[in-house]
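Residue numbers (our numbering), protein chains in the order written: chain A, 1 to 149; chain B, 1 to 667; chain C, 1 to 266; chain D, 1 to 341.
No false leads were slipped in.
Label pairs and their calculated CB-CB ranges:
#	chain 1	residue 1	chain 2	residue 2	range
1	B	Gln318	C	Gln266	49 to 59 Å
2	A	Ala124	C	Glu238	24 to 34 Å
3	C	Lys30	D	Ser211	24 to 34 Å
4	C	Ile52	D	Ile229	21 to 31 Å
5	D	Val82	A	Leu129	29 to 39 Å
6	B	Asn616	D	Lys261	45 to 55 Å
7	C	Gln266	B	Ala396	23 to 33 Å
8	B	Asn54	D	Lys261	34 to 44 Å
9	C	Lys69	D	Glu306	35 to 45 Å
These are computed hints drawn from the structure, not numbers from a lab.
On a predicted model such as this, the values are computed, not experimentally measured, just so you know.
Virtual Cβ for every residue (Gly too), placed ideally from N, Cα, C.
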Amino acid sequence: MAEFEPKIVAFVCNWCTYAGADLTGTSRIKYASNVRIIRFPCTGRIDYMLLLKAFDEGADGIIVSGCHPNDCHYTSGNFHARRRWIMFRSLCDFTGIDTERIKFSWVSAAEGAKWAEIVNTTVASIRELGPYTDYKKVAKYPEKEVIHG
Amino acid sequence: MSKIGVFVCHCGENISATVDCAKVAETAGTYDGVAFSVDYKYMCSDPGQNIIKNAIKEKGLTGVVVASCSPRMHEPTFRKACAEAGLNPFMCEMANLREHCSWVHEKNEATTEKAIDLVRILVEKVKYNHSLNEIKVPVTKTALVIGGGIAGIQASLDIANTGHKVILIERDPSIGGHMSQLSETFPTLDCSQCILTPRMVEVAQHPNITLYTYAELESLEGFIGNFKAKIRRKSKSIDEKLCTGCGQCTTKCPVKKIPSEFNEGLGKRTAIYVPFPQAVPNKPVIDRGNCTYYIKGKCKVCEIVCPTGAIRFDQEDQIMEVEVGAIVVATGFTVKQPDFFPEYGYGKYADVITGLQFERLASASGPTLGEIRRPSDGKIPEKIVFLACAGSRDPAKGIPYCSKICCMYIAKHAMLYQHKVHGGKSYVFYMDIRAGGKQYEEFVRRAIEDDGVNYIRGRVSKIYEKNGKLIVSGADTLLNAMPVEIEADMVVLATAGVANEGAEELAQKMHISYDPYKFFAEAHPKLKPVETNTAGIFLAGACQAPRDIPESVAMASGAAVKVAGLFSQDELTREPIIAVVNRQAPPVYSSCVGCFLCVSACPYQAIEKEEIKNRNGEVIKLVAKVNPGLCQGCGTCVAFCRTKSIDIQGYTHEQMYTEVMALLNEY
Amino acid sequence: MVDLIKRAKELLESSAVKVVIGYEQGTGNKTRALFVEKTEDADKLIFDSRCIQNLAAYVTKKEVKEKGKMAIAATLPVMRSIIQLASEFQVNDNNLLVLGITPESNLIEFANLVEVETFVHQYQIEIDARNKEMLDKLAKMTSAERWKFWVDELAPCFKCYACRAACPMCYCSRCTVDFNQPQWIPVPSTELGNLEWHIMRAMHLTGRCIDCDACYNACPLSIPINLLTKRMLVDAKEHFGNYQPSLKGDNLMSTYKPDDKENFIQ
Amino acid sequence: MNIDKRLVRKDSLEKLFDILKRNSKTIYAPFTKNGKSTFRDTESFGAISTGYIQTTESAKDIAFPRTEKLLDFSKSKEGMSVKGTDLNDIPDVILWGVRPCDASGIGELSSIFNWDYKDEIYINRLSKVTVFGFSCSKSDEYCFCTSVGGNPGNTAGSDILFTLLGEEGDYLAEIITEKGLAVVDLAQNLFEKTDISGKEKFLAELPVKFSHEDIRLKLDKFFESKEWIEQSLRCLGCGACAYVCPTCACFDIQDEAHGKKGSRVRCWDSCGFSHFTVHTSGYNPRNVQSARWRQRIMHKFSYMPERLSVYGCTGCGRCSRACPVDMNILEHLISIQEVTV
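Just chain A, same shape as in the assembly (with noise of 0.2 Å):
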């Protein structure tokens, strides 16, 4: 059996994540080929719903990225993600997501190494975690019919 090939979805600001992993790619560091990239103005513009929806969908393992404390571009968007990360990866643990697949950290614009750190070492971690299929189980309509019950 072929090896398993976590699907992971980074959510990342424009401002200091998504320019950090731009310098990976000037600075030529190679790093798994698992995450795909969405950008947002902001971490702050970053809804704790898409990340549900990004494990209703099949993502394995999920990145959500931003400035570090204090260089936000528009000065306190990361501030408020924080505490709402906060919160909802509180909730998670709470209702028994599992929070080893949502990875948080701050990547400035200059942190290109670091992002592919932060990817190759998520990827990892859930390649050991393997595919979310607790997640998935109840994710999709049960193939036969059947009823509620």
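Using the hints provided, position chains B, C and D relative to the given structure of chain A.
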């Protein structure tokens, strides 16, 4: 039905070396709504752009996805190309196949698969893009300059000289700032007052400049091009129109023992006073905290002696509102007072003074008329010690940064001392000599070599008094930390330059950001040194960090050019990537329920309350409204809104949701 | 409650308010909301330990609000809700008069919401022992066990939205679940959709929920959804310090501190 | 067919359950969680709840599931392909422990799904269901089946109706339909021949509290009554009443797409929701709760009798029990009857 064009760039071999570009284009061609799909060697080249333009025209494309480098690189290029072909530029999106894919992965199927995914995400997103138009904002062509030091003066003059109106406010009774307190200036040793005073006068006389001294910013609303500032004009207790500045009142005022702020406490002033002889405006104010009349209810000597009847004891503070299009903040800095350093015995020893106090001693207009006499007994000090980095570069004191100006002014002080006190001995304790700047290093060398100032590399642990002498006890680190003790007559501390008291509140009033030391934050440390994160507000001088005069002036001129650039347009255009609160047909009007939690979430105070009225003019609903002039498009409100009533153009709910769906499903 | 009846009559007679919201005897052993508009109906007002429905849910209801100025018999949870609603601009002194009922069941009338706030702030929001125990039990489970617990608990939810309807804080005229472009939460009751709905609801109530249990009491299937909001309450306290609904409107989730602590962001 | 009466010993019920299980029957029986009961696929007799006056949820799920996939669709180069529900996949089900009001509700629900459009999935599901009714020996203040034409021992809708003959007694089994007979055939020895009659004395006593015919006639002129506003002021507009109701049949249809694949799903809806009638334009003809409450009553007591010749209420009282704010349908119906137009 969408007609999307997908344009896959090889970027020479930058992308095609690891990504099968033809396959990416071919796969993209199979997606619903993709009307045209092609790969090409250089999409950003003229022929490449022509492929896009022709496809838009010939296929009637409704959306474009360029799969090439980072949008941070070429988004403007391709959007412009689309616009030239008649497609709204915001219908163009870019998939980042180079920085995020080909450059970071090996050549294999997985890399091409990723490239395909990245393109698909954007293809699905662009189906939900809307044509957007740039936002036009009118500009009020008057600038507000806050702070009348050299930076504020320079900014005001530069802006005024471009033909625009300037309102300059200064919280002290006179403009001039710290520069007016200085004796000579490094590295040329020309007299500070002599070069500053003409500028001060120019400000006062300039037809485009309205000067309000003894005035502070009360509040600020609005946004770039359209600020509304409330200014508190503190009561001067005189009628400025009647006052001729004859000086009768200050001469006769019975309260004469107030430490003069201008002289850093080394001289005295009266309760009704002009801070210094060259003050602009040269008209007195009454210091109500010290005036006998305000304390005890009687005196009024000044009123009696005033030949023009200009004294107004009942004058009140005035709040006036002005409309301005841009603001230059030039509120300067202050220095740590030596009471911050108990180890140096300040307060106990009158002859341990700050650098700024030394400036007053050395100044010809100062309390000693330029003679270096120590405060305690007026004697001329035979031995003087200068301590650099008093507080600066000292993380333990909470000031890890370098105050920057001290190395130079210490050299200047020591030099002035040697010039004025023949046979005197001067010592400088320093950590490093930072003399980066035109003619700066030469200046320091002159102090050491020509004027015989003794530089000792090391720190001073304490200062104490013994037999009428100040014993400066330190270590010479160049001599293996050998203990050094100097019996000095006077000690000058180059105390750290710090943010003004109240800097934080002022920043909050203006909604600009500040660093951990309360210095105002520039928008970008390298590329936007005079901008703030709030559009239309600029920084000049030492309110941003300790600065010397040439830097402050350069910054002020830089800020002035930014303002002039802003004022060269009648309307501002802004990217339409902003938040919008939905509006619906009656009876709903908007799904917003008016909880206004978004108001506190917005970093820009861009969300306002809008009353929705019926035909009879009755308010039937209060809903949020985003001010397009203020919104910067971060989208924090969007993720916060429970009713999903706010959306951000370019990153809408549908677009972001679709991206997630497109990423994880087959299309 | 004689005092309440008397005061309700006075308020209605003097036209100080148009409607008094309180409790009456319902069917069976239930109590229920009563809207007194005529003085003679005030005699039906009761108050006893069964009166736990959070009446604050009515002060944002269109049909009730349209009657004019309201007075409301408000227990502590109701008062807390009202302060939170006021901080969100949903009620104010012009449209609401609070007839407080103290934890000792005494009537206390407030001149304005500021006084209500002061009163409310004397009492901390405390999770009751039974639920605390349940939270502890859940905390001790493994993540997988908690996942199973919640999937099982929430699977029966048929999305009648009684929890939402009974919650004073769920006054939005368009809930996120009613939003269909995109469809954030699936409309049908499905295991995952139910979980998403309740997670989202708990997030929306973080920093706003005052722990009145109205959602749980309203649930026809007695699903312990209040545990979600309780856990958020406990966590918020842990992370950001104690909070109380406040007229200042410095809502927990729409504000931040630059030094908010976390230990999971790399 | 004529109703055949048999005696089932008290302890034979479990044996019956086991025999049915051995015959690969799926059995849906009341199951209690968090103190609330609903019909679930049940594997063991011991798991079946007993002693309830009424289950919290009705049994309508069996033929009209709260969530039901109608079809799968997928896009390909060749175009759209659609795969409907395979009706052969629907399992044979025994619905165990249904009260007579619920059983009769099946008829009312069927009248809706067989009205202008014959709902194939519903009809097929129902055809696979054998209903074991259990008569009521107890009732509570929310019950009013006798006021809407039912009674605690009503055989309508059941395939077999079991009546407990006294507290610790045996069961009288009334075999009402061929489907019922088919079950008896599987366990002949458990269904003993008997000549017992007069089950009535073992049934709950439930006096008639109003006349549904009178209500119907009253409603013809009651549309504009202020009574609706009076009654519904405390209604919070949730869907609890509709979702526990054995006859509420409103549903929503959603297409859930995931890329080029997706499903069409039918799920319950409720006329009590404020958004139920919102037009695309934003206009909402039932924009206040009183209009929605009126709709609920009118639908059950006026529109259904008029169009389908059945009442949309079986008097089970579930909605009153489930309502978080004590909207008691019985109380409100009585007051409608009493109020002068």
